[in-house]
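Chemist: Here is what each chain is made of, one letter per residue.
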Amino acid sequence: QKEVEQNSGPLSVPEGAIASLNCTYSDRGSQSFFWYRQYSGKSPELIMSIYSNGDKEDGRFTAQLNKASQYVSLLIRDSQPSDSATYLCAVNAGSQGNLIFGKGTKLSVKP
Amino acid sequence: SAVISQKPSRDICQRGTSLTIQCQVDSQVTMMFWYRQQPGQSLTLIATANQGSEATYESGFVIDKFPISRPNLTFSTLTVSNMSPEDSSIYLCSVAPAIGNTIYFGEGSWLTVV
Numbered sequence: 017q018k019e020v021e022q023n024s025g026p027l028s029v030p031e032g033a034i035a036s037l038n039c040t041y042s043d044r045g046s047q048s049f050f051w052y053r054q055y056s057g058k059s060p061e062l063i064m065s066i067y068s069n070g071d072k073e074d075g076r077f078t079a080q081l082n083k084a085s086q087y088v089s090l091l092i093r094d095s096q097p098s099d100s101a102t103y104l105c106a107v108n109a110g111s112q113g114n115l116i117f118g119k120g121t122k123l124s125v126k127p
Numbered sequence: 156s157a158v159i160s161q162k163p164s165r166d167i168c169q170r171g172t173s174l175t176i177q178c179q180v181d182s183q184v185t186m187m188f189w190y191r192q193q194p195g196q197s198l199t200l201i202a203t204a205n206q207g208s209e210a211t212y213e214s215g216f217v218i219d220k221f222p223i224s225r226p227n228l229t230f231s232t233l234t235v236s237n238m239s240p241e242d243s244s245i246y247l248c249s250v251a252p253a254i255g256n257t258i259y260f261g262e263g264s265w266l267t268v269v
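Here the protein sequences come in this chain order: P and V. This note's numbering numbers the first residue of the first sequence as 17 and each following residue consecutively. This note's numbering numbers the first residue of the second sequence as 156 and each following residue consecutively.
Worth flagging that the hints you see were computed from the coordinates, not collected in a lab. A hint or two may mislead.
Unchecked claim - What follows is a set of in silico ranges between Cβ atoms, one per label pair, in the way DEER data are often shown: (1) S98(P) / D219(V): 27 to 35 angstroms; (2) Y55(P) / Q183(V): 47 to 55 angstroms; (3) P240(V) / N23(P): 41 to 49 angstroms; (4) G32(P) / N237(V): 45 to 53 angstroms; (5) N38(P) / A157(V): 25 to 33 angstroms; (6) I167(V) / Y55(P): 20 to 28 angstroms; (7) Q17(P) / E241(V): 21 to 29 angstroms; (8) S160(V) / E21(P): 31 to 39 angstroms; (9) Q96(P) / I218(V): 41 to 49 angstroms.
As the list claims (entries may be wrong) - Below are the DSS-like pairs computed for lysine-lysine, each with C-alpha atoms no more than 27 angstroms apart in a straight line: (10) K220(V) / K18(P); (11) K126(P) / K58(P); (12) K126(P) / K83(P); (13) K220(V) / K122(P); (14) K58(P) / K162(V); (15) K220(V) / K58(P); (16) K83(P) / K122(P).
Claimed, not checked - For the chain V half of the interface with chain P, some residues (derived, Cβ under 8 angstroms), not all of them: (17) S182; (18) V184; (19) M186; (20) F188; (21) P194; (22) L198; (23) L200; (24) T203; (25) F216; (26) S243; (27) L247; (28) A251; (29) F260; (30) G263.
Just so you know, even glycine gets a beta-carbon here, dropped at the ideal spot from N, CA and C.
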């Protein structure tokens, strides 16, 4: 059974701080990793994808992947109240191309 | 990214009835998937919609309960049959241009069964 684990939170950070979201996965053969943001009452929205070890930066967001440790993280710099949402980690599941999702981490950024 | 339209966006359904959700994509895509998100839960894959053939269902989901059609590379439907309150969920159509590519989601269909 392939699994993706995340701390459910809530994770609370003050405005302007760095929010760090973590995710581990069980399938060592996974090749594609994604972070989605989901606001309450909305569908998931892709933030970042990462495919190789190391860091990938996009604006205030940095995704980090360590395949040896089966660990992927998302850093949000200069956190804003508008970043308050649930962040879903997803990992490719196999030959069909579908994704397995973690349960999500709820982030709250306090003004 | 693809533009994905789902209908209906929201509905309240009577127990025992069936509802068909439509998913239209603005471009041809290889992969189409249907996910379910129950209240307070993460996303669970129901099935992969295969163009021109029967859908591939995940463990715990069966064709009689969730029949799926995919007549072409831009359109798919999911029917939720003989609904019960446990079927109250968000149903999400998602697409990927190719295997291993990013998956994008439609706006979702929010179903409440009473």
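Chemist: Need the list of violated hint numbers for this structure, in ascending order.
Modeler: Checked against the structure, the hints that fail are numbers 1, 2, 3, 12, 13, 17, 18, 21, 25 and 26, while the rest are satisfied.
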